[in-house]
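Participant: Chain D is already provided as a structure; the job is to place chain Z on it using the hints.
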Amino acid sequence: MSKLIASSVIAGAHQFVSEAEEKLQQAIDTAGPEADINLPNTGYYLPVIYGLTGMKVEKIKDMEAPLAHARELLPEGPAERLWTPYLGTALDAGVATLFACEIIESLRYVLEPGFYTETDAPTEDNLWLGAADDVIMRERGVEFVDGTAPGFAAITGAAPDVETAVQIAQELKQKMLYVFIAGKDDGVSFAEQLVEGGVELGWNTRLVPFSPYISGHIWSLGFATRAALAFGGVQPGDYRNVLKYNKDRVFAFVLAFGRVTDRKYAAAAGAISYGFPTIATSDIPEILPTGVCTYEHVVSNVECDDIVARAIEVRGLKVVVTEVPVPVAYSPAFEGERIRKGEYWVEMAGPKSTGCEFTEIADDVEDGKVTVAGPEIGDIEQGSTVPIAIHVEVSGRKMQKDFEPILERQGHTFFNEAEGVLHMGQRDTVWMRISNRAKEAGFTFEHLGKIIHARYHADFGEVVDKVQVTIYTRQEDVERILEKAAKAYHERDERLGSLTDESVDTFYSCILCQSFAPTHVCVITPERPGLCGSYNWLDGKAAYEMNPTGGNQPVPKGETVDEERGQWSGVNEYVKEHSQGMVEAFNTYSMLENPMTSCGCFEVISCILPMCNGIMTVNREFKGETPSGMKFSTLAGSVGGGVQSPGFLGHSRFYMGSPKFISADGGIKRLVWMPKELKEEMREILEKAAEKAGAPDLVDKICTEEEATEESEVLEYLTKVGHPALEMDPMF
Amino acid sequence: MSDSEETKPKKKKEEPRAKSIDPAALEVIAKAGAEGISTVFSRVDEMKACPIGAAGSCCQLCAMGPCRLVGKNAEEKTGICGATHGTIGARYMVRAIAGGVAAHSDHGRDIARTLLAVSKGNVQGYSIKDPDKLYRVAEMMSISTDGKEMNDVAAEVAQKALDNFNGVAGDELTYVSRAPQKRQEIWRKLGLVPRGVDREVVESMHRTHVGVDQDADHLLDQGMRTSLADGWGGAMLATDLSDVLFGTPKPLISQANLGVLKEDEVNIIVHGHEPTLSEMIVAAAQDPEVIEYARSKGAAGINLAGICCTANEVLMRHGIPPAGNFLHQELAIITGAVDAMIVDVQCVMQALQPLAEKFHTKLITTSPKAKIPNATHVEFDEEHALDIAKDIVRMGVDNYVNRGEVAIPQYTGDLVAGFSHEYINYMLGGKYRASFRPLNDNIMNGKIQGAVAIVGCNNPRVTQDEGIIYLVRELIKRDILVVQTGCAAHASAKHGLLTPETMEMAGDGLKEVCEAVGMPPVLHLGSCVDNSRILTILSQVVEEGGLGDDISDLPVAAICPEYYCEKALAIGTYAAASGAYVVFGVRNPVADCTEVVDIMSNGWEKKVGGQLVFEPENEKILEMVMSHIQKKREALGIHEEKERVLLDMAARREL
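If you read the protein sequences in the order shown, they are chains D and Z. So for the first sequence, the working numbering puts the first residue at 1; every next one is plus one. So for the second sequence, the working numbering puts the first residue at 733; every next one is plus one.
Just so you know, the hints here were simulated from the structure itself, not pulled from any lab data. Small disclaimer: the values here were computed from a predicted structure and weren't measured. All C-beta atoms, glycine included, are put in the ideal place defined by N, C-alpha and C. One thing to keep in mind: the hints can contain errors.
[Claimed, not checked] Example chain Z residues on the side facing chain D (calculated, C-beta under 8 Å, incomplete):
hint: 1; residue: Asp1173
hint: 2; residue: Val1249
hint: 3; residue: Gly1250
hint: 4; residue: Arg1384
[What the hints assert, rightly or not] Here are the in silico distance ranges between beta carbons for each label pair:
hint: 5; chain 1: Z; residue 1: Glu1386; chain 2: D; residue 2: Gln26; range: 27 to 37 Å
hint: 6; chain 1: D; residue 1: Glu621; chain 2: Z; residue 2: Lys861; range: 36 to 46 Å
hint: 7; chain 1: Z; residue 1: Arg920; chain 2: D; residue 2: Arg397; range: 53 to 63 Å
hint: 8; chain 1: Z; residue 1: Glu917; chain 2: D; residue 2: Thr500; range: 49 to 59 Å
hint: 9; chain 1: D; residue 1: Glu76; chain 2: Z; residue 2: Lys861; range: 36 to 46 Å
hint: 10; chain 1: Z; residue 1: Glu1386; chain 2: D; residue 2: Ala362; range: 36 to 46 Å
hint: 11; chain 1: D; residue 1: Asp29; chain 2: Z; residue 2: Glu1386; range: 48 to 58 Å
hint: 12; chain 1: D; residue 1: Glu76; chain 2: Z; residue 2: Glu1021; range: 23 to 33 Å
hint: 13; chain 1: D; residue 1: Val321; chain 2: Z; residue 2: Asn1334; range: 39 to 49 Å
hint: 14; chain 1: D; residue 1: Thr500; chain 2: Z; residue 2: Glu1386; range: 32 to 42 Å
Just chain D, with the same shape it has in the complex:
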């Protein structure tokens, strides 16, 4: 820390703490000390304060203690000459700034209702989203975990002009990073520049406008703090590990455009404690020695052209980007972009037409050959809908029939990562759009084939030697391919249905998440997919074949320890070793004894309802109260981070339809409550499973929030409808 920076940090921190004190007094005067403070749908209170101090702020008066602590942390600035060390004190001032900023920004929800949109994208008249809720944090967390988003850039200030802003945002997205924006320079914000440049903002496009104020970057750090608590299994208040987790695993940095004020220095000092360095365009002093951050702490005078590359290097990040020969930008950061009616040149398949995508092994494959049979995009009128069949033929010495659907399903990701291409559904429910801009940039149907060719080689090069793609856009051709594909889809379903845990002697692990949840191990069996819903047993098998040293490894079952609960010696050994001894044993089919741990990416959580002799299952999108007395966000706090919590289980949606769904505890008949939305989405799968379990009318007897959210009321409802759980043996 140069002395100049330390002086500015400390001055800025004093300003923030004073502002927070004023705002808090104002809130006490107007709303009263007992008024609730609720950030949107989170189980982590004010996450930075909660993560670093363990203090739970639930009411306005609860802000007094952390703010008093911030005041205590505030040092005097360094003397003109003969100064005493200022790095430690300036970093303390940075942390004080964070506490003050979190209080200032959280109070907006009380003092300035409507200041934030509380949505995941800007509204017509408001750009500023405010705090990310836990749903966003967990959904996006998966991307941070699997590496499709290695980190985030926290931007403050404004680029020299709109064009540069757009250019930098694009570059950051191509490096797969999230872009969090707060604060202005000279009244202009980077987010406003992007809007002016016609760029779509919101969580989906990874360009997140948090706040017009620099203090709003507290939402960036709140996101980072929750990552440590949710995925890293760090306990609230264990500040050392919250910060170390972020330094080691969350590759974030601050980009400061324009003038750096005392307040910005103060906030940047807070970020440095997280290991997030600042890269500035202006000519400010630098802090180059290593230590608190992995490499430099402050790097300045960086040209806008170089800033993204420089930032990535300073943060010590390696981003591997697959080169795909298309005339539009290509990166996972474009996956969430939406293309609305009026914005697309052409729509393919979907509800108004027909189509499919179909990948199969073939002989005589000519690698790199892409054929468009039928009209190309240039032959099509703007705004029309056409049928499409994307037929991919592959060959390779190590290619197996079982890998066909895995490759095929990846088309969804591969297409979406191209800017201006939207892909939904799979198989014969595929639905795609190509934007006007992409068309204008020269994107054609042929490029869809090139994307497949490039990505199959990049991602599946171990098993695929040759890839040839034919794109049909004439109705009769599409129908011909569809007919052939339908047969294959049916065969694949049969094959998947015949795979049981008993029929194989090897499971597959998934430790992809260990970049984020270092002690969590997923064991994927044919009848129990990974808890994030992204990986089934075949995926694990294929991933291992393709990358024998990767995150998916074969786990030989070994001796059976407990057949009913699904415990095998080989699995235990593997889990013990790879959880660094944290988990000695686990039962695949029980949530009561030694249940499987989770990273934090689970789609749903099941938890026991003791009075009802059953369990409830809640999905992460459900924001309401549940009969367990906890919302999803709170429940999630007790299951993530690689910890075994008997009675609680994070799992995939699909697992609910498996015959092995908590089979040792009584199976699906234990399911007594779930959110209405989840129930309807899962109805078909649940009904099939219920029928197999001998309770064909079970699904209608499952209580939802419409009937009850108190456990005693749930019990009344169950009694009324005669839910089978009540007749079963006691769960304990």
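Facilitator: Just chain Z, lined up with the frame of chain D:
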């Protein structure tokens, strides 16, 4: 290792060496010379060191001798009992070490006894100033604190500390467990783990008695074990318990040198070593009633200053300015401005009283362990500590009116002191990210090449402060972080090297780190017992990771350029036995005992990874230390610039 200067007659023809490089000292030495006042600086010219004893060739352990092993074929000669040069030299070293350990550790024991008295409430003026540290110390001592009153914890800590002296703490001193695991294993394997401070000192005295242990290597092992009882015992306990009682130091600014004495105030100097008394003197000197009393005598106030390690204790915790180091004790009196000099134990010259009698200064001895003929003795005890301290200060005040001519040399150096190991840990990351990581990282990336402790005394046989200042300047220029304690720290303070502005004199890498942290490139860690802080820091640096797994792997060294006393040899030995490369200046006290010289250098390096060597030439010391650091950097593989490691997801999973 070359012989001492005094043994070479040809040196006599050379130009007389400067007495000091400190202008304040030179001014007063000149005054003394002009007035015919005898000082250590004049006496050293009047008496050459005995050349036989100076090189370790004299044995006076029994009445069959003294035996001197000199002359033709000196190396083959033995004492009357048959003792070889090796045995005589080793016995000398072991006895010197035992003497030094006894001094530091007796100091530590007194602090422990004070803490015990505080816990029982049998004291006046003392309290537990740093309860957090008390609890940390309790934890390190495996004393459970659950649900206990603070005083009960303090009593247990004090008792456990006392047990370390008595040797009833078990087979190993408690703090041995603070060393890196590998270091502990080395000690255990060699049987070097001290079993009790007193026990090791007693055994050393026994084994060096005539007719007992007569194997140089075996004797020197006992020397190492005894020294470790100081570094990881008496001294470390003294440091920790002083922090508990008087507060853990953090940075503060002050000034050093004779210029801190004030013409219009009552000047009281605390001189000696233990903080127990000086803490109370500080309190008494700030007492409004006492200050008022001083005013009533026509003084503008009471000005407290220190000399030797007492100065360091009150500097580190209160910013009381040091008036100078060991060789300044007489010079301070010669200014005519010192109204009282309060002394306790160690490094207090008997010459002070006859000198004080030439001026108005009142020399007050206070320790029940140390009296000086004709000095005023006011015996100090903890039960009436503050009352006694006030009485003593009042004696100084009363003496103010007796002043004659006053000539205070107007030289001071600004300084920043107060670098406890706890603060260094804090300053590198703040409360939330405190750790030694940044230090390790910057040593690994070469911005800091290594760290060197420049510690110890003054010795009138060499130019005062010259070696210390030369080495400090040259080392920081070479990107070596310097840490200091004792009188060596005062030398740097007087010459303004303990200021953050000194970073301008440092190499680019070190300067960059100093600028980032806001620290001087030369850190003042405290008194001589606070050399134990260096052991703690080195252990924590090892634990932090990336620089090997033992202290002997680190690119560090220790230099005692102007040593004079047994305590210095004790410290040097425990540093070497802990794995450090240690160089002493002045002369080799066992130069003639080649076997001993070889054991302490090559032998110890093989055994414990550290060594103790002697080299009078400062330029040579610099070269030796730099080459040692380079050797260690090479062994660690950090001597070349590494490419930046960029992490992808797979790499993050491996973390």
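Participant: Now tell me, hint by hint, if it's right for this structure.
Facilitator: Verification of the hints:
no. : hint                             : result
1   : Asp1173                          : holds, 4 Å
2   : Val1249                          : holds, 4 Å
3   : Gly1250                          : holds, 4 Å
4   : Arg1384                          : holds, 4 Å
5   : Z/Glu1386 / D/Gln26: 27 to 37 Å  : violated, 49 Å
6   : D/Glu621 / Z/Lys861: 36 to 46 Å  : violated, 56 Å
7   : Z/Arg920 / D/Arg397: 53 to 63 Å  : holds, 58 Å
8   : Z/Glu917 / D/Thr500: 49 to 59 Å  : holds, 53 Å
9   : D/Glu76 / Z/Lys861: 36 to 46 Å   : violated, 22 Å
10  : Z/Glu1386 / D/Ala362: 36 to 46 Å : holds, 39 Å
11  : D/Asp29 / Z/Glu1386: 48 to 58 Å  : holds, 53 Å
12  : D/Glu76 / Z/Glu1021: 23 to 33 Å  : holds, 31 Å
13  : D/Val321 / Z/Asn1334: 39 to 49 Å : violated, 57 Å
14  : D/Thr500 / Z/Glu1386: 32 to 42 Å : holds, 34 Å
Checked against the numbered hints given earlier, this structure breaks hints 5, 6, 9, 13; the rest are met.
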